[in-house]
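Chain by chain, the residues:
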Amino acid sequence: MDRQEAIDFLLDHYENPRNFGPLEGSDITMSGGNPGCADMITMHVRFGQDGKAEMVNWEGEGCTISRAAASYVSEMVSGMSAEEIEAMSFEDLIEELGRELVMTRPTCATLALGTLKRGVHEYDMKQKAHHHPEGSHE
Amino acid sequence: MSGTANSTYAHPEVLVDTSWVAEHLNDPQIRLIEADEDVLLYEIGHIPGAVKLDWHVDVQDKITRDFVDQQGFEQLMSRWGIDNDTTIVLYGDKNNWYACYSYWLFTMYGHKNLRVMNGGRTKWENEKREATKTVPSYAPTSYHAQPADESIRAFRDDVASNLRNPARRLIDVRSPQEYSGELLHMVNYPQEGAQRGGHIPGAKSIPWGTAANTDGTFKSAEELRQIYGSKDITPDKDVVTYCRIGERSAHTWFVLTELLGFPRVRNYDGSWTEWGNVVRAPIEK
Numbered sequence: 001m002d003r004q005e006a007i008d009f010l011l012d013h014y015e016n017p018r019n020f021g022p023l024e025g026s027d028i029t030m031s032g033g034n035p036g037c038a039d040m041i042t043m044h045v046r047f048g049q050d051g052k053a054e055m056v057n058w059e060g061e062g063c064t065i066s067r068a069a070a071s072y073v074s075e076m077v078s079g080m081s082a083e084e085i086e087a088m089s090f091e092d093l094i095e096e097l098g099r100e101l102v103m104t105r106p107t108c109a110t111l112a113l114g115t116l117k118r119g120v121h122e123y124d125m126k127q128k129a130h131h132h133p134e135g136s137h138e
Numbered sequence: 139m140s141g142t143a144n145s146t147y148a149h150p151e152v153l154v155d156t157s158w159v160a161e162h163l164n165d166p167q168i169r170l171i172e173a174d175e176d177v178l179l180y181e182i183g184h185i186p187g188a189v190k191l192d193w194h195v196d197v198q199d200k201i202t203r204d205f206v207d208q209q210g211f212e213q214l215m216s217r218w219g220i221d222n223d224t225t226i227v228l229y230g231d232k233n234n235w236y237a238c239y240s241y242w243l244f245t246m247y248g249h250k251n252l253r254v255m256n257g258g259r260t261k262w263e264n265e266k267r268e269a270t271k272t273v274p275s276y277a278p279t280s281y282h283a284q285p286a287d288e289s290i291r292a293f294r295d296d297v298a299s300n301l302r303n304p305a306r307r308l309i310d311v312r313s314p315q316e317y318s319g320e321l322l323h324m325v326n327y328p329q330e331g332a333q334r335g336g337h338i339p340g341a342k343s344i345p346w347g348t349a350a351n352t353d354g355t356f357k358s359a360e361e362l363r364q365i366y367g368s369k370d371i372t373p374d375k376d377v378v379t380y381c382r383i384g385e386r387s388a389h390t391w392f393v394l395t396e397l398l399g400f401p402r403v404r405n406y407d408g409s410w411t412e413w414g415n416v417v418r419a420p421i422e423k
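Protein chains in written order, with the working numbering: chain B, 1 to 138; chain H, 139 to 423.
Hints listed in this document are in silico derivations from the structure and should not be mistaken for laboratory results.
Careful: at least some of the hints might be erroneous.
As the list claims (entries may be wrong) - Computed footprint of chain H on chain B; a stretch qualifies when at least three of its residues, placed anywhere within it, have a C-beta under 8 Å from a C-beta of chain H:
1. 11-18
2. 57-69
3. 100-111
Here a beta-carbon is modelled for each residue, glycine too, at the ideal position from N, C-alpha and C.
Kindly produce the complete structure, drawing on both the sequences and the hints.
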């Protein structure tokens, strides 16, 4: 992907955001922000019975790169399990978004994924606590 | 040429307002250049006729950590259909941060007719003026740049050898947190950090953005004189501005040189990413 292709790719996500809006019945709702850019992104996830993310939505305001990245991440993680989302790499995301472009603002580019991973981690901890409550013996 | 209302600036002609630009969109002697920090903004929509200056590819030599050379600058001007008599109007996002950086670079290569659109892209948008996605093309010109005038550019050795010069004033235009050493980089720019935090000894902290109003326009000459004068930054001094890589400090260079008329101001573009990493370079916190 050359520089202009990367710009066009991000621009498409910025101008035609995928999965934008609230999500009913979400298992995860987590917000994150970048004070320097006034970015504020909220990620929503609803898991199916198979443990895979069946709906991933996002909301919020922010700079062009943070919004485009949120749109891309919402598409990318659809169908993944909590473990798979937690294992996702920021480096891979930056590569897919176009390293040359987004490395000028890495915190904006990774805001959505970082927020999502925090949400998934909390969800995962709660799930484990629910299935293996402290003091229980199986 | 019509500038902005504030005629107490030393060189009021360097500023044009948005209405003046709107009236000159079809003037062949004018070339608009959009220079943004946010790399997507031009594609989202720009002033009709404006070309895009992409800092990361158009004017930097990343191998030598330097700027495009004289020949490269000539080729750039030719590509945009700019000749030596063209009036260039620069504008951009974030208080004209990169527009002023470009102004400084273009001045170094001797372009005479340079302007900045006061308030930049934000003001144009807020006034709901015309925008387009159409990328213009212009017939190539034969442009002749001057050899780089490095009297407006400072280098590390000069900064180091003048640390005790009583006529020298250093201005650190970064955030107070970067100046104090609390942050090793600007918020959201972790890739542009340094090994050490702090500032060059003796530097005064005057963040670049203090020169701008909330609508992106420049503060009045009186307000600017107060801001810099209160820190003993006066026209009789030999002033060097710096930030982390010389962008924000070019904005302050523009304010001091063009709006307040200081005769001896240089931008140290090596800035903190150089000084903060140099072995044994003295720092303060």
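Hints, one by one, checked against the model:
no.	hint	result
1	11-18	holds (count 3)
2	57-69	holds (count 4)
3	100-111	holds (count 8)
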